[in-house]
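Asks: What follows is the residue order along each chain.
Protein chains: 2
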Amino acid sequence: MEFTRNNRQLLSKIATNDRHGENSPYFDGWKAYDSNPYHPTHNPRGVIQMGLAENQLCFDLIEKWILENPDASICTAEGVDKFKDIAIFQDYHALKEFREGVAKLMGRVGGNRVTFDPNRIVTSGGATGANETVMFCLADPGDAFLVPSPYYAGFARDLGWRTGLDLVPVDCKSSDNFRITRAALEEAYEKAQRSNINVKGVIVANPSNPLGTVLDKETMRSLVSFVNDKNIHLVCDEIYAATTFSSPRFVSIAEIIQDMDCNRDLIHIVYSLSKDMGFPGFRVGIVYSFNDDVMNCARKMSSFGLVSSQTQFLLAAMLNDEEFVGNFLRESSKRLAKRHHAFTKGLERVGISSLKSNAGLFFWMDMRPLLKEQTVKAELELWRVIINKVKLNVSPGSSFQCSEPGWFRVCFANMDDQTVQVALERIREFVLQGKEEVDGSEKSKHWRKQNLRLSFSSSSRLYDEGLMSPAHMMSPHSPIPHSPLVRART
Amino acid sequence: MEFTRNNRQLLSKIATNDRHGENSPYFDGWKAYDSNPYHPTHNPRGVIQMGLAENQLCFDLIEKWILENPDASICTAEGVDKFKDIAIFQDYHALKEFREGVAKLMGRVGGNRVTFDPNRIVTSGGATGANETVMFCLADPGDAFLVPSPYYAGFARDLGWRTGLDLVPVDCKSSDNFRITRAALEEAYEKAQRSNINVKGVIVANPSNPLGTVLDKETMRSLVSFVNDKNIHLVCDEIYAATTFSSPRFVSIAEIIQDMDCNRDLIHIVYSLSKDMGFPGFRVGIVYSFNDDVMNCARKMSSFGLVSSQTQFLLAAMLNDEEFVGNFLRESSKRLAKRHHAFTKGLERVGISSLKSNAGLFFWMDMRPLLKEQTVKAELELWRVIINKVKLNVSPGSSFQCSEPGWFRVCFANMDDQTVQVALERIREFVLQGKEEVDGSEKSKHWRKQNLRLSFSSSSRLYDEGLMSPAHMMSPHSPIPHSPLVRART
Ligand SMILES: Cc1ncc(COP(=O)(O)O)c(C=O)c1O
Ligand SMILES: Cc1ncc(COP(=O)(O)O)c(C=O)c1O
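Protein chains in written order, with the working numbering: chain E, 662 to 1151; chain H, 662 to 1151.
Because the hints were derived from the structure by calculation, they are not lab data.
Just so you know, even glycine gets a beta-carbon here, dropped at the ideal spot from N, CA and C.
All the pointers check out, no bait thrown in.
Here are a few chain E residues that face chain H, going by a calculated C-beta distance under 10 Å: (1) N730; (2) C798; (3) D804; (4) F943; (5) S964.
Every beta carbon over 10 Å from chain H, so not counted as near; a handful from chain E, in silico: (6) H700; (7) A764; (8) T776; (9) D832; (10) E847; (11) L990; (12) K995; (13) V1011; (14) G1012; (15) K1038.
Same shape as in the complex, but just chain E (with noise of 0.2 Å):
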């Protein structure tokens, strides 16, 4: 951003720093999208949006609930004599049914294997909300978090651009599956303290946005055990837990614990309905820490992100209703694993793998063999052609701060089966094309690594349509226009 000199010397630091991360090519997709979207008949040729993890797969399950429950909601004929109350209420605890039925829906999402304290629930504006408040409960400005990579886009604003923290990488690789080793958190962890930078805690999504995985046990007792033997906290952003859609299940770290001889006073989960229920417009956070401490505080810092007292007395009732949420949680898991199954198959029949995933609303798909070279800048390149070319948009694993160039985010949930179809066949012709290109025909019938990264070189007409330059790309500073439309990032 450019500001004029007054502002540059009369705003604060965050304002005048780059760290909101909106800079970034995982936002110019945004930009893509947004000036140019896809519709099946008004625009055939615009971009279809694969850059957003939203659930839409079972509205239909909701709107039937809603009907079927006029009394939940405070502005119809049966609720309205509840209007004053529930408008005029801002008890930084929240409503006692919400509380309770966010308790209930965690526990059941855990598998009913642990109960949830509905008196350790604090409400929060979404997880964006609940991540920061963690952290301003937690670190100082200066202080370290550390993150396996890759991890979700937006935690560098969330987690560190008013609370001041640094965000260090854990470098995990496509090798061992992106798994998390005590081995790359203590290289992690000593790297930081080697440049005297204070680590106060680890954060992981689990499971993983963008990898679409879950946390097996092990992995998650080892992080226990990490963070009690440097006496740091350990922040589990729980947010997808009931999008997974087959095995292994998920299971959350107020599981691992139950078990374990650790300081509960490191632990803290943070969860939202945003994604597990579809409703990321709710601002609906939660921030559960075994700390009391932390729970007090973070209480007091909910008056900047209390959850609206209409959706409250809303979701009060829907999470309360059992049969509901059990079906609802059912049906969902099933319409996400159909439709992870159709994408992922459909690319596979293609020639393009992804990482095996069992959960989230996107997968993590393996583009590797189509790089020039095995750069960000190249990847860069491949996803400018994807975007304006093909007009899918897609997230580069850059945005996630992958440490291996070539991997993408497909978001698969925000759509509709058409769409996806669409989706998959310009991915098909994307990648014919490439063959043609090198072969001349069509007859090549297997994936042909070297030749086809050669046929999506610069001067391929690929490139040709492209809105920025590459270098424009790369550069955090480089002066962006304001986006007209700024959606969270998800």
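Given the coordinates of chain E, assemble chain H with the ligands onto it according to the supplied hints.
Replies: Leaving out everything else, chain H with the ligands in the frame of chain E:
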């Protein structure tokens, strides 16, 4: 708060400092109320809550509108087809119709003398979140804002706790009707400079909480000149704009700068629907900045406190119904005027006066004649009597950083007419009892300052039911058990 040694070192400075402001009489009053709330039949001797700036007088109008507009909700048969699109909506710009509705409301409340641009409306979690957001945009940790005192007790937390800013009070005097003078501003500014404190701006609530008065145009112009001369910011918290119920009318800072030659980049407005509409539970806060960079930065920060899209949708319809809004605002000021009159006249009849006011949901009661001595200690002693014996939770002036002891804020719009009568009766009894103690009889017909003052000595039987010692209440570091209910401070 007491922390375990490990937690003191494990948690952040923010988590372990006292700047959340809850260890104050203001919050103790809440606790006293919460542990023994008044109810006309179940608990007629309970504490009456007069520490809560809520606007409960017009919910009949709102509820009628709700019933007439079922399509304004996504939870009715008429609106449910929009449920999905709204539940997934999380554009940082907020719903266009919602912004338009808010902008229209702000214009109307300002007497339609200025037009507010919907594109400048940035949403936040209540004025609480909006105020913090503005501070994050404008100042760095250690910087300061000048705040004319007495000022809203929540400012300390909202503006300073997580941002690391300091507040420098600008003392306003009763002899001057608590007007904000250029001289007082200059004095505070210079004092700060001498202490090497970097003053980044001035923040004022207009209408004032706790005074219930509106700023006159001349004072506002002088504020604008002051910030212009110093090249610092002016933030106007106009959350009580529409609670003005008699002349002089409310004037928005937007109107003032319209015909002034000044740097508009320095001017920022905070607004909310918590008071004017009476919806604190919905957490609707607004930042309206004339500085583009601040607006863009605040918009990025709105990710931490977006308004629930369910609530945006409802309010979009309500606020765009101009006939309804017009009628609501007229009726609301009428009822506020009536209530204010009943209350202040009732007090006058027993000899208690208050600052002349015409706005807000409270008035500023003058109890100086009842103080043993003109100190904060004496004020808190009197307050303890009022809360524990008279059983009214009014708020002592010291919680608003008032430089003169003996003033109390009395909220009047959060109760029904019967409760008002009970409260007035209790005050009357209290005053008469004081007189009796002095005279041994009721023959004294007029308020007898000196004697009355003596009668409230700490040996008086009026003092023997205190929950806490004054010393306890005075110390910001005294260990107070966690409040079972931590409600938003209003
Ligand atoms: C891992 C992770 N954490 C937090 C968030 C923010 O979610 P919310 O919408 O609840 O703020 C997201 C959204 O994509 C996410 O993927
Ligand atoms: C002057 C002032 N600003 C801000 C607030 C906070 O309001 P909100 O409920 O919108 O966060 C209040 C609440 O009392 C207030 O009086």
